[in-house]
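Chains as they are written, first to last, in my numbering: chain E, 1 to 169; chain D, 1 to 85; chain C, 1 to 276.
One should not assume that every hint holds.
As the list claims (entries may be wrong) - Derived pair list, reagent style DSBU-like, types lysine-lysine, alpha-carbon separation capped at 35 Å: (1) K127/C - K151/C; (2) K81/D - K272/C; (3) K151/C - K24/D; (4) K272/C - K45/D; (5) K272/C - K79/D; (6) K151/C - K79/D; (7) K81/D - K151/C; (8) K127/C - K72/D; (9) K24/D - K45/D; (10) K72/D - K151/C.
Because the hints were derived from the structure by calculation, they are not lab data.
Listed here are the chains, written in short residue letters.
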Amino acid sequence: MIAWKFLEAGRVGPFSGFRWPVDEWVSAPEGAGEDRWIHACRPSDLPYWVPASPTAELWRVELDAPVVAHRWQVASPRARLLEPVVAWGPAVERELRRECSAQARRLAAGASGVEPAVTAQYVQTADTWNAGCGMFALAQLARTIGGDAAGDAERARQARWLAERLELE
Amino acid sequence: MTSAPPHLTCQHLVELVTEYLEGKLSHDDRSRLEQHLCFCDSCVKYLEQMRQVLRATGRLTEESITPEAQEKLLDVFRKWKAGGA
Amino acid sequence: MEGPLHSPILALALSPSLACPLGAMFTAASLERRTRPPSGRCSAQPPAKDRGPRFSEAWVELGSEAAGERAGATSALLEALRAGDESAFLHLVNRHQASMIRVATLYVGSRAAAEEVVQEAWVGVLKGLHLFEGRSSLKSWIFRILVNTAKARGIREARSVPLSSLASGDEDEAAVPAERFQEHGVWTGHWSQPPSEWSDDQVASAELVALAREGIEQLPPAQREVMTLRDVEGWEAHDVCELLEVSEANQRVLLHRARSKVRAYVEERLGKEVRP
Chain E
1 MIAWKFLEAG
11 RVGPFSGFRW
21 PVDEWVSAPE
31 GAGEDRWIHA
41 CRPSDLPYWV
51 PASPTAELWR
61 VELDAPVVAH
71 RWQVASPRAR
81 LLEPVVAWGP
91 AVERELRREC
101 SAQARRLAAG
111 ASGVEPAVTA
121 QYVQTADTWN
131 AGCGMFALAQ
141 LARTIGGDAA
151 GDAERARQAR
161 WLAERLELE
Chain D
1 MTSAPPHLTC
11 QHLVELVTEY
21 LEGKLSHDDR
31 SRLEQHLCFC
41 DSCVKYLEQM
51 RQVLRATGRL
61 TEESITPEAQ
71 EKLLDVFRKW
81 KAGGA
Chain C
1 MEGPLHSPIL
11 ALALSPSLAC
21 PLGAMFTAAS
31 LERRTRPPSG
41 RCSAQPPAKD
51 RGPRFSEAWV
61 ELGSEAAGER
71 AGATSALLEA
81 LRAGDESAFL
91 HLVNRHQASM
101 IRVATLYVGS
111 RAAAEEVVQE
121 AWVGVLKGLH
131 LFEGRSSLKS
141 WIFRILVNTA
151 KARGIREARS
161 VPLSSLASGD
171 EDEAAVPAER
181 FQEHGVWTGH
191 WSQPPSEWSD
201 DQVASAELVA
211 LAREGIEQLP
221 PAQREVMTLR
231 DVEGWEAHDV
241 CELLEVSEAN
251 QRVLLHRARS
261 KVRAYVEERL
271 GKEVRP
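This is chain E alone, in the form it adopts within the complex:
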C-alpha cells in the first residue's frame, strides 16, 4: 500500500530517531508488537501530522502487508521510502499558513452563536502559529461552531487542500 510519512531533515523519524534508507525495506524488530510498527499517513491523515520544522520532509512510502488501519494513521511491520514529495517545503508551509488564516476568517464569519471573543482567539492562532497548529485550531473552531461533524469536515477539507497542492495520487 502507498502512504505518506513526514520525517525530520535527513530522513529521520520524528519519534524513533531512526534514519531511513531510501528505497530499502525496513522492518520492525523481530517479534515487535504493533506499537513498534512503522506508521504512515493516508492522505486523510496528513493534516494531523504536519510538522512545525521548516526543514521537515514528506516522503511517499510503500507499506508491506499486513497494514493495520488506526484512527489517524496506518501501520505495517515493513516499509520502504520511495521518493520525497518535493512539493512539500517552506514555501508550501507558508501558503498553508495563509490558507489557515483565510479559512479561520471564513469560519468565524459564519459562526453565529459563538462569541466573537472566542472566534477571535482562533483567528489569532491561525495568524501567528505554525501551519500544524493553525490547522488544529481550525478544527477546534469548526468543532466549536458545528460539533464533531463540522470538525471532521474541516479536517477533510485540509486533507483535500494538501492532496491537491502536493499532487498526491
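Following the hints, position chains D and C against chain E.
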C-alpha cells in the same frame, strides 16, 4: 466562560509523559500526544529536558570496589565455603 | 511557534554496563549485559543523533537485558558460586557492588554505614544461596536481602525512613505548577510560561548530572527509591515492583512524580545561574 472542545492540552501532556515513555498509553492516546508534539515546540522542549535529566541520572561514575573491600568480601566467601555446604 | 527545529522527542537513559573483571570461568561475551538491540531483519542504522535511543528502541534494549539476566547465564553463575568458585563470586560482587552501596544509602544515609550494610548483605546472600529457587531474578533476590538488611539497620539506628509507602504527603502534586499554563480562553491548559531554554553547555556539563542527583536526593523516600532504581540503576519496572512490593501502576505514579520534580528542580537551578 469559554470552554474549548476537549483536546489534549500541554497540561495534560506533562502528566502523560511517563506513561508515554513507558509505552503504556493506548494507541490513540499515544497518537494524540505525538500529534500535539508535531505542532507544539514547548512540549517538545519539555520532553527534551526530561530526556536530558534522565540521561544525566543514568550517568554512573564508575565505582570500582577497593582492594580492601574486595579482600574483606573474599574473606567472607572463604569462611562461608569453609563452613561447609 | 516558529523557533528551533522540531526536536527529536526523547531517549530513555540506560545505565552503561559495568565493567567486570572476570575470572577464568566466565567470559565477557557470555555475561556482559546486552545493550544493543537484536538485529533481526531490520536494516536499521544506529539513531541518527547522539541522543540515545528513543522510547521504542529503549524498550528493545530493556527487553534484551532482562532476557540476558534470566537466561542460562544465571544458573551457570549459581552453580559456580555454590561450588565455591571465587571468580564467580568476584564477578557477582563487581557487578552489583556500586549499585548496592547507592541503594543501601537510601536507607541508612551515610556511605560508611552503607558499606557495612552491603557487607552484611553479602553474608546473607551466601548463607541463603542454597535457598534461592530462581523464582525471582538473582539480582532481585540479592537486592531484597540488601534492602531488608538496610531497613533493619535503619530502624536500629532510629533513622526515620518511611518504608516504601505511597503516602508521600503530596497527593495532588502536579508535574508542572498550574500557573505555568493558561487559565482562560480557548487555549486553557496550554503553556503560558513554557519551559526555559537550557544551553548546550549546561546540558553537556557535569553540572546537570550533579543537579539531577541533588534533585533525587530531595525526593520523598518512596519516589526516591523508585527513581533511583529505575533511572540511576537502570532497573526494569518489573524488578522494581518485585523489590519494593508495589504494583506496576503505583510504581509508575511514583516514577512520574519523581521525574517531574527532578526536572523542575533542575530547571529552577539552571534558571538561577548567572550567565557571563
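Verification of the hints:
1. K127/C - K151/C: 19 Å, holds
2. K81/D - K272/C: The given pair, whose Cα atoms are some 56 Å apart, is violated under the 35 Å limit.
3. K151/C - K24/D: 32 Å, holds
4. K272/C - K45/D: 19 Å, holds
5. K272/C - K79/D: Violated. K272/C to K79/D sits at ~54 Å, over the 35 Å cutoff.
6. K151/C - K79/D: Within the cut-off at roughly 25 Å; holds.
7. K81/D - K151/C: Status holds; Cα separation ~27 Å.
8. K127/C - K72/D: 16 Å, holds
9. K24/D - K45/D: Holds - the C-alpha atoms of K45/D and K24/D are around 21 Å apart, at most 35 Å.
10. K72/D - K151/C: 23 Å, holds
Going down the numbered hints, you'll see the structure goes against 2, 5, while the others check out.
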